[in-house]
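Full structure from sequences and hints, please.
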Amino acid sequence: MFESIVSYGLAVGAIYAMTGITYNVMFSASRVFSFTAGMLGMLGGVLGAYFILQLGLPAIVGLVLVLACGALLGVVTEIVTVRPVLKNIEQHLYVLSTLAFALLVQQLTAIEWGTEAQPFPRLIPIGQGWLDQQFWLPMLACAVTIAGLEFLYRRTLVGRAFVAIAEDSYAARALGLPEQRLRLASFALAGVIGALAGFTGAEMLLAFFGNQAILNFYGFVPVALGGMGSNRGAVVGGLALGLFQQAANFLVGGIFAAVAVFVVFIVVLLLRPEGLAGGAAARRV
Amino acid sequence: MAAVDQRAPAPAARSGLWARIEKASPLLAVGIAGLCFPLLGDDYWAVIIERACVYWVLVSGLNLVVGFAGQIAIGWVGLLTLGAYTTSAMTAGTALPAFPAYVALVASAAIGALFGVIVGLPALRLRTFYFAMTTLGFSTIVTQVALAWKSVTGGGVGTPGPVFPWPFDPGWGFYYFCLLLAGICTWMTYNIAGSRFGRALVAIRDAEVAAEASGVAKPALLVTVFLFSGALAGVAGGLFSSLQSYITPDAFTFDLSVLFFISILIGGRGSILGPLLGTLLLTVLPEFAAPLVAWSTFLYAALLLLIVLVIPGGIADLLDFKNRRPLERHREIVPRPELLSRILPHPGEPNVLALKGIVLHFGGVRAIDGLDLAIRSREIHGLIGPNGSGKTTTLNVISGYYKPSAGEAYLNGKPLPFEAPPTRAAHRIARTFQTPRLIGGASVLENVMIGGTIDGAGTFVESMLALPRHWRDEARLHEAAMLALAVVGLDQLASVRADRLQHSELRFMEIARALMLRPDFLLLDEPAAGLSAEEIRRLGALIKQISKEGTAVLLVEHHADLIFDICDRVTVLNLGKELAAGTPAEIRSHREVVSAYLGA
Numbered sequence: 001m002f003e004s005i006v007s008y009g010l011a012v013g014a015i016y017a018m019t020g021i022t023y024n025v026m027f028s029a030s031r032v033f034s035f036t037a038g039m040l041g042m043l044g045g046v047l048g049a050y051f052i053l054q055l056g057l058p059a060i061v062g063l064v065l066v067l068a069c070g071a072l073l074g075v076v077t078e079i080v081t082v083r084p085v086l087k088n089i090e091q092h093l094y095v096l097s098t099l100a101f102a103l104l105v106q107q108l109t110a111i112e113w114g115t116e117a118q119p120f121p122r123l124i125p126i127g128q129g130w131l132d133q134q135f136w137l138p139m140l141a142c143a144v145t146i147a148g149l150e151f152l153y154r155r156t157l158v159g160r161a162f163v164a165i166a167e168d169s170y171a172a173r174a175l176g177l178p179e180q181r182l183r184l185a186s187f188a189l190a191g192v193i194g195a196l197a198g199f200t201g202a203e204m205l206l207a208f209f210g211n212q213a214i215l216n217f218y219g220f221v222p223v224a225l226g227g228m229g230s231n232r233g234a235v236v237g238g239l240a241l242g243l244f245q246q247a248a249n250f251l252v253g254g255i256f257a258a259v260a261v262f263v264v265f266i267v268v269l270l271l272r273p274e275g276l277a278g279g280a281a282a283r284r285v
Numbered sequence: 001m002a003a004v005d006q007r008a009p010a011p012a013a014r015s016g017l018w019a020r021i022e023k024a025s026p027l028l029a030v031g032i033a034g035l036c037f038p039l040l041g042d043d044y045w046a047v048i049i050e051r052a053c054v055y056w057v058l059v060s061g062l063n064l065v066v067g068f069a070g071q072i073a074i075g076w077v078g079l080l081t082l083g084a085y086t087t088s089a090m091t092a093g094t095a096l097p098a099f100p101a102y103v104a105l106v107a108s109a110a111i112g113a114l115f116g117v118i119v120g121l122p123a124l125r126l127r128t129f130y131f132a133m134t135t136l137g138f139s140t141i142v143t144q145v146a147l148a149w150k151s152v153t154g155g156g157v158g159t160p161g162p163v164f165p166w167p168f169d170p171g172w173g174f175y176y177f178c179l180l181l182a183g184i185c186t187w188m189t190y191n192i193a194g195s196r197f198g199r200a201l202v203a204i205r206d207a208e209v210a211a212e213a214s215g216v217a218k219p220a221l222l223v224t225v226f227l228f229s230g231a232l233a234g235v236a237g238g239l240f241s242s243l244q245s246y247i248t249p250d251a252f253t254f255d256l257s258v259l260f261f262i263s264i265l266i267g268g269r270g271s272i273l274g275p276l277l278g279t280l281l282l283t284v285l286p287e288f289a290a291p292l293v294a295w296s297t298f299l300y301a302a303l304l305l306l307i308v309l310v311i312p313g314g315i316a317d318l319l320d321f322k323n324r325r326p327l328e329r330h331r332e333i334v335p336r337p338e339l340l341s342r343i344l345p346h347p348g349e350p351n352v353l354a355l356k357g358i359v360l361h362f363g364g365v366r367a368i369d370g371l372d373l374a375i376r377s378r379e380i381h382g383l384i385g386p387n388g389s390g391k392t393t394t395l396n397v398i399s400g401y402y403k404p405s406a407g408e409a410y411l412n413g414k415p416l417p418f419e420a421p422p423t424r425a426a427h428r429i430a431r432t433f434q435t436p437r438l439i440g441g442a443s444v445l446e447n448v449m450i451g452g453t454i455d456g457a458g459t460f461v462e463s464m465l466a467l468p469r470h471w472r473d474e475a476r477l478h479e480a481a482m483l484a485l486a487v488v489g490l491d492q493l494a495s496v497r498a499d500r501l502q503h504s505e506l507r508f509m510e511i512a513r514a515l516m517l518r519p520d521f522l523l524l525d526e527p528a529a530g531l532s533a534e535e536i537r538r539l540g541a542l543i544k545q546i547s548k549e550g551t552a553v554l555l556v557e558h559h560a561d562l563i564f565d566i567c568d569r570v571t572v573l574n575l576g577k578e579l580a581a582g583t584p585a586e587i588r589s590h591r592e593v594v595s596a597y598l599g600a
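Chains as they are written, first to last, in our numbering: chain A, 1 to 285; chain B, 1 to 600.
Note that these hints are calculated values from the structure, not bench results.
Among these hints, one or two may not hold up.
Pair ranges (Cβ atoms, derived) [stated by the list, open to error]:
(1) B/47 x A/117: 30 to 40 Å
(2) A/89 x B/558: 23 to 33 Å
(3) A/89 x B/326: 29 to 39 Å
(4) B/156 x A/140: 28 to 38 Å
All residues carry an ideal CB built from backbone N, CA and C; glycine is no exception.
Structure, rendered in structure tokens:
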């Protein structure tokens, strides 16, 4: 039982962590938290099942198509819901515009795909029991994501431009960085990461339109705990959340787990609004 | 002078019962239509109107949170669910012994209020996305618990809703029950909206910093509003479960939350009538779009996106004809300092506010580096220096926004705590801001009335129920604000929405707001910036008179002429340190100051 708690917990945690990173990538580029993070995860599963099971495409083609769709949705999110309201960011209209867009996509999915959870194919028949592919695949995807982002941000010029925009977008623009194009690229990148999370986690979570709300909330918890914009915080927070949830599920039942996570979330927000790992923000007078 | 005093009276609101009824007439019309509806005897539509009333009970409370305080509470359906199950379970006696339905309804209100505050807690420290996420997470979790706690909620199978006994038994009795409660909610929120609490909520939404400086205690006010809004959501839940007659977790989809939210957005922020019409519209609309039932959430979401992107102001903005009339083009601000004696008290004891050895870092930058400063009654103290020399930062230290790493502040010899902006109003320390902090959606008069918030005597409940103390507060604040506006010369613009004013007028409006506090200390942050030469002259005369009445003034300015014209003492800052201090004449001949700052 211990092994299955750990493997299941870490796998779910890896999905939460990747969803958290999706929030972060969008936030860093635009100071906007977007409700589309959970939507991307949900679609990763649904579209994957559609391409591979219904259209019969090879798994690798399905993956590429899913990631492409994620990138496309990221771009659409930026153009439709973020760009128009970015001018008056202090009014926080982005909360509503991204929520509305995510709901639109979710409802379209519910109507076209159905409201029942549907199975997702087993992609690589390696391992069984608690070493099953459905557990290690999300963890692998999470590790690849983190390594890729670290490489991008530290070793490439584009990545450094991303970091510059995140640190101080005014200064970055003054240096001549194309802020708008970089923001668009960030949203596309976030789309890829979110879709990857959904795709690799779908064998466990199934292809289900309702995963959107769950991923939206549980993917945001690690961001709140780890501090906004901190990817390492999101990974640590996500894995911890997954383990805690599974342990509580097995030991004391699902209701308690859900309530406990919610309570921890609120308490941390109240005591350390900047997250357990984040720094304090400056005053705004 | 007689001619001045006989100027046409400002367009103040007419007082008296009749004026009040006239102002509320659209709401009364909706209510009367609801009362008369049973004459038609249409049972089918009666249920739809009952549903609209139930939704409105919730939305009217949520409106204070979303439309007035500007907090994005999207998961309010969680509280509706909670109220519905509380009423059902208590009436059926699944968890405790069975209670009468009316008792269960009251208990739902209490539970709703409690959870309203719990869900709202993050909003006290953080705005927007975190709070939105908490409400969303809460609604998800309530549904999960409802599904899993089978012994009480019946799980996925559901549980019967309560039946209210006589006098509000099923049929027209229940209809009038819903209508009555909806009417009471409208009345209560209407009262709150027109009180200092409603204005403070809007101030938190549009200009939080100005609200704090006026002594609005955001946490206490928001907790009160969450209690109120949560209680209404609980009651709405109880009515909802009776209306549905049988509830399952499926009945509380996220659609409902979106519906509540859109009702408010369509209606417009800061309005009661708008969201009421929005709720009616969204409840009735599906009746005409039956073939589209499967697409209802999709359409709501599309509507939400459309409103946010195209008409963020909602119906209320479209109906606001008054504020579309063009204003007079060449307006002149003519302050009347001679009226000041009617606002400012003449303190017997002179007041002193002193800073001693203040040091403040921003990261590695020493913004203030060992500053001593004292401001006294009947004295205008000028604070000048190049950009970045720490002038505004000094003001922010005094008004409690920053905590210096060393140094103390004393008010008449007693230590003044730092990092507590809302406490400054009670010490009669008022201020204006470098960039005017206006409450854009409120009228000029309301913007100024905010300044007197702490002088209200009535409580939130007294305002909610429109008890005598509420009316006395309102009358006094209204009178004081009109007087303050007359002093700064803006009384003709009292009813205009503040975001239509010119920049120079906003500067004078902020002074009027500060005067509402009857300040012992007035901190002015570049009040002359953007004013014409003539306006600066009039401003100077006004500030001089304020100081003569006994108020201590600290004036941060770049206009050297104004400073040397009206100040009694001047401190020159450079790199956070005092470069020179003395009378204007001394400063003007100070060699270092002239070479570093004033120019030869």
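Practice task
Output the numbers, in ascending order, of every earlier hint that fails for this structure.
Solution key: none
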